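The primary structure of each chain is shown beneath.
Number of protein chains: 2
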Amino acid sequence: MITETDFSALLRQAVEERNGPATAEAVTHLHAADIAHIFNDLDDDSQLYLYEILSNETAAEVLLDIDADERRNFLNTLSAKEIAEDIIIEMDSDDAADIMAELPENRQDQIIAHLDDEEHARSIVDLMRYGDDVAGGLMGTEMVTVNQNLSIISAVKEMRKQAEEMDEVYSIYVVDDSNKLLGILSLKKLLTTSSSTKVSEVYNSKLVSVRDTSSASEVAQLIQKYDLYEVPVVDARGELVGKITVDDVLDYITEEAEKDYQLASGISSDVDASDNIFSLTKARLPWLFIGMVGGLVGSRVLQSNEESLQAIPALMFFVPLIAATAGNIGVQASAIIVQGLASNTLGKDVFKTLVKEVSVSAASGLILALIILGFNLLINHNELLVSATISISLLTVILIAAVIGTLVPLILKRNNIDPAIATGPFITTSNDIMGVFIYFTIAKVMLHI
Amino acid sequence: MITETDFSALLRQAVEERNGPATAEAVTHLHAADIAHIFNDLDDDSQLYLYEILSNETAAEVLLDIDADERRNFLNTLSAKEIAEDIIIEMDSDDAADIMAELPENRQDQIIAHLDDEEHARSIVDLMRYGDDVAGGLMGTEMVTVNQNLSIISAVKEMRKQAEEMDEVYSIYVVDDSNKLLGILSLKKLLTTSSSTKVSEVYNSKLVSVRDTSSASEVAQLIQKYDLYEVPVVDARGELVGKITVDDVLDYITEEAEKDYQLASGISSDVDASDNIFSLTKARLPWLFIGMVGGLVGSRVLQSNEESLQAIPALMFFVPLIAATAGNIGVQASAIIVQGLASNTLGKDVFKTLVKEVSVSAASGLILALIILGFNLLINHNELLVSATISISLLTVILIAAVIGTLVPLILKRNNIDPAIATGPFITTSNDIMGVFIYFTIAKVMLHI
Chain A
1 MITETDFSAL LRQAVEERNG PATAEAVTHL HAADIAHIFN DLDDDSQLYL YEILSNETAA
61 EVLLDIDADE RRNFLNTLSA KEIAEDIIIE MDSDDAADIM AELPENRQDQ IIAHLDDEEH
121 ARSIVDLMRY GDDVAGGLMG TEMVTVNQNL SIISAVKEMR KQAEEMDEVY SIYVVDDSNK
181 LLGILSLKKL LTTSSSTKVS EVYNSKLVSV RDTSSASEVA QLIQKYDLYE VPVVDARGEL
241 VGKITVDDVL DYITEEAEKD YQLASGISSD VDASDNIFSL TKARLPWLFI GMVGGLVGSR
301 VLQSNEESLQ AIPALMFFVP LIAATAGNIG VQASAIIVQG LASNTLGKDV FKTLVKEVSV
361 SAASGLILAL IILGFNLLIN HNELLVSATI SISLLTVILI AAVIGTLVPL ILKRNNIDPA
421 IATGPFITTS NDIMGVFIYF TIAKVMLHI
Chain B
1 MITETDFSAL LRQAVEERNG PATAEAVTHL HAADIAHIFN DLDDDSQLYL YEILSNETAA
61 EVLLDIDADE RRNFLNTLSA KEIAEDIIIE MDSDDAADIM AELPENRQDQ IIAHLDDEEH
121 ARSIVDLMRY GDDVAGGLMG TEMVTVNQNL SIISAVKEMR KQAEEMDEVY SIYVVDDSNK
181 LLGILSLKKL LTTSSSTKVS EVYNSKLVSV RDTSSASEVA QLIQKYDLYE VPVVDARGEL
241 VGKITVDDVL DYITEEAEKD YQLASGISSD VDASDNIFSL TKARLPWLFI GMVGGLVGSR
301 VLQSNEESLQ AIPALMFFVP LIAATAGNIG VQASAIIVQG LASNTLGKDV FKTLVKEVSV
361 SAASGLILAL IILGFNLLIN HNELLVSATI SISLLTVILI AAVIGTLVPL ILKRNNIDPA
421 IATGPFITTS NDIMGVFIYF TIAKVMLHI
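Chains as they are written, first to last, in my numbering: chain A, 1 to 449; chain B, 1 to 449.
In isolation and in its complexed conformation, chain A is listed as follows (with noise of 0.2 Å):
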């Protein structure tokens, strides 16, 4: 068990103090997600002083885990030559070309040409011609692979060979000769089947992989439906190519279902709590402006149908209550589509899902019309044609709004963009305006003015 809060107290002050000794020891107590926690923190020198008292492979670990703008300018302070030889030799080649991707084009060749080891230079420079958000992006290219025809414990002697130069072994993939998976032994088996067994008579073939094409999103559903903690990936051929860990896929679902809840929230692009003042606005005025652009249009509306407000003031009163329950109804609808959409459980039938949608909001809808209605005539004492009238508005609004909640992230889903879009204030403001339109084109024919 750690106590990692000690340790952490114990070397932000040892390398306060330029310490050396005592940095060493503190350091021997922590993880290296803990040690990158404090070298966030510390200025240029005292990070550069830590840095050197570091193992590579810690450091390689430590800047792994620190903020992406640290990392940045933390490595503009090493050269090429070191970033090669000290920090991106320690890594695994997948997470080598994340860093990599980070730097500018040129530095980027020149730390590749300081490379030694072949093989691994050539891994990530394949690794970097993947997008992020495919499975060749997210794959790591070290693997323990054995051939079906060797023996179990020639099987245990290649193994040993392949994990000497890997960080931990989890599963070991089991392929032919022209290195087409087939599929993979577990730990179990390898423990419980005698030396001269042969790899092919206790691999288990049952084994999900996925294509170095296949979106991120397929991955991370793939890992979740089968409670995987790797994922083997094999190219066109049926080769393998690399392997995903869960650990990447759990960064990918947090980063979306994040981005999934900043868009309903009105926020554009991933900020955080820590973020500067400048970044959280600039992520924030979007949406605000959407909504200003929407209250203006709304003021529009209201301005047009100003004598009718004059004739009957109580009809204005009623105007932020259709409109906010329009927003409501509509990004509730949108919110149960992109969910849908996002876990795979959303039927086909398109119309199916609109007649449920619009099924439900009418269920609502008749609930919330018939309290306002009993409101009106009881306790505001509005005349009955006034009272209906906005209970009827009410409704239709209500029907409509999940018309166009249910439909919009469709349609966006359709056109490739990400239907959580639909769930932010766009929708809301949308359907405020139409609520707001439809009120007073109910109340114009109802009531004739």
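Bear in mind the hints are in silico, worked out from the structure with no lab data behind them.
Watch out, some of these pointers could steer you wrong.
One copy or two, it doesn't matter: identical chains are merged, so the pair holds either way.
As the list claims (entries may be wrong) - Distance condition first, Cα-Cα at most 25 Å in a straight line; then the derived DSS-like pairs of lysine-lysine:
| hint | residue 1 | residue 2 |
| --- | --- | --- |
| 1 | Lys180 | Lys161 |
| 2 | Lys189 | Lys161 |
| 3 | Lys259 | Lys413 |
| 4 | Lys157 | Lys188 |
| 5 | Lys444 | Lys225 |
| 6 | Lys188 | Lys198 |
| 7 | Lys352 | Lys282 |
| 8 | Lys259 | Lys356 |
| 9 | Lys356 | Lys413 |
| 10 | Lys198 | Lys157 |
| 11 | Lys157 | Lys189 |
| 12 | Lys161 | Lys188 |
| 13 | Lys225 | Lys259 |
| 14 | Lys161 | Lys198 |
| 15 | Lys282 | Lys356 |
| 16 | Lys444 | Lys198 |
Just so you know, these numbers come straight off a predicted model, no measurement behind them.
Start from chain A and add chain B according to the hints.
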């Protein structure tokens, strides 16, 4: 690589035709998760037919993967003896405990009484005592543990014995004579160490563990921070009592993210698009109701300002804009705080957080207020004083909404209420009303009405 879709279609057809051999054949090509997907859709008779053909092991996995409603329904058709001897015995203790918890108490007792494996029965009963949201409730008790005093060769023998009873092995835990957790023995070390070496010389003591009473969110944070596949669980005495695997935490993280997203979208409990109309309506009505009550209060605020509105109609047209902007700012502010709380990136200093949030909102608010001022003067040709009133109100409302949006989630968190509630219609609605109220107060003072 699996061609899951083809075999899924075959399985559906085979079950429908009650074709035993074809059903058995299709099943061998499918993962339990895929069989579960089909099982979910079958009628009661077909479910029983398919169940009878599945091996006990596969049946147990399938039952774990189907919807909770379907599972309860199906388990009702089996006797306690069948459940114990065919299903529960095949499951890891944590899964068994989860499923048992869904059943009525007297049935739980009957099932436990039918379990021949006393150790398994004891594990399940122990696990059922923990809540869903603590480490003990997430952990399984199936582990491979070796004593530090063993040699690698004896350790492998011991592991073989233990592995026989387990589905899969990923980590090997090292304990002392009194079962206190000391560290972990990696597969890599096992592969690359000579067989006479003692376990105590090669195990890794830099190990992250959690207490059985730690909260599920703490566990999730640790697993993400340290990129773990498994985390061992210890009791108050430091003894190893179980392990939590990343797939359990992945489910927890996904559920929490969905819950937050739904709360932000005004949906109160965990529903998805495939639920029935009644559940969907029930989950949405409470928030709509809050919105409606807010709308009614808003209508009262407008009503009490009827004279001002009659005197200066221009004021009225900006009611929706003020209300919507207040709502949007509030949701943005609270979403940033809620996510900061969830990811632990929020500083301890509440005052600093508040100053930052107000600064961001002031920057956005100033820009919006100036645009509206220009719009009112140049396009609407409103009087300067009326235009100024609207812009000053907008800025004031934005600042106050930011304060409310920041403080409400912090206060909720301090009182152990899920702060994500604050991003829903609750905060939009209260900010709506607050916005309109402030608007008229400022208007009365500035315009002497």
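For each hint, the structure was consulted:
For a Cα distance limit of 25 Å, the shortest separation of Lys180 from Lys161 inside one copy, 21 Å, qualifies, whereas the shortest one across copies, 33 Å, does not. Proximity of Lys189 to Lys161 under the C-alpha cut-off of 25 Å is found in both arrangements, the shortest distances being 20 Å within a copy and 12 Å between copies. In the homo-oligomer, the alpha carbons of Lys259 and Lys413 lie at most 25 Å apart both inside one protomer (16 Å) and across protomers (22 Å), since each shortest distance falls under that limit. Taking identical chains as interchangeable, the C-alpha atoms of Lys157 and Lys188 lie at most 25 Å apart whether they share a chain (17 Å) or sit on different chains (12 Å).
In this assembly of identical chains, Lys444 and Lys225 lie within 25 Å of each other by CA distance neither inside one copy nor across copies; the values are 54 Å within and 60 Å between. In this assembly of identical chains, the alpha carbons of Lys188 and Lys198 lie at most 25 Å apart whether taken from the same copy (15 Å) or from different copies (21 Å). For the identical chains of this complex, Lys352 and Lys282 are inter-copy neighbours only, at 20 Å across copies versus 40 Å inside a copy, given an alpha-carbon limit of 25 Å. In this assembly of identical chains, Lys259 and Lys356 lie within 25 Å of each other by CA distance solely across copies; the values are 22 Å between and 27 Å within a copy.
Taking the shortest alpha-carbon separations for Lys356 and Lys413, only the intra-copy value of 19 Å comes in at or below 25 Å, while the best inter-copy value is 36 Å. Within a single copy, Lys198 and Lys157 get their C-alpha atoms as close as 14 Å, and across copies as close as 20 Å, so both meet the 25 Å cut-off. Within a single copy, Lys157 and Lys189 get their C-alpha atoms as close as 16 Å, and across copies as close as 13 Å, so both meet the 25 Å cut-off. Proximity of Lys161 and Lys188 under a CA criterion of 25 Å is satisfied in both settings, with 20 Å inside one chain copy and 10 Å between copies.
Within a single copy, Lys225 and Lys259 get their C-alpha atoms as close as 22 Å, and across copies as close as 19 Å, so both meet the 25 Å cut-off. For the homomeric pair Lys161 and Lys198, the shortest alpha-carbon distances inside one copy (19 Å) and between copies (21 Å) are both at most 25 Å. Taking the shortest alpha-carbon separations for Lys282 and Lys356, only the inter-copy value of 14 Å comes in at or below 25 Å, while the best intra-copy value is 38 Å. When the C-alpha separation of Lys444 and Lys198 is checked against a cutoff of 25 Å, the pair qualifies neither within a copy, at 84 Å, nor between copies, at 89 Å.
Violated hints, in rising order: 5 and 16; the structure is consistent with all others.
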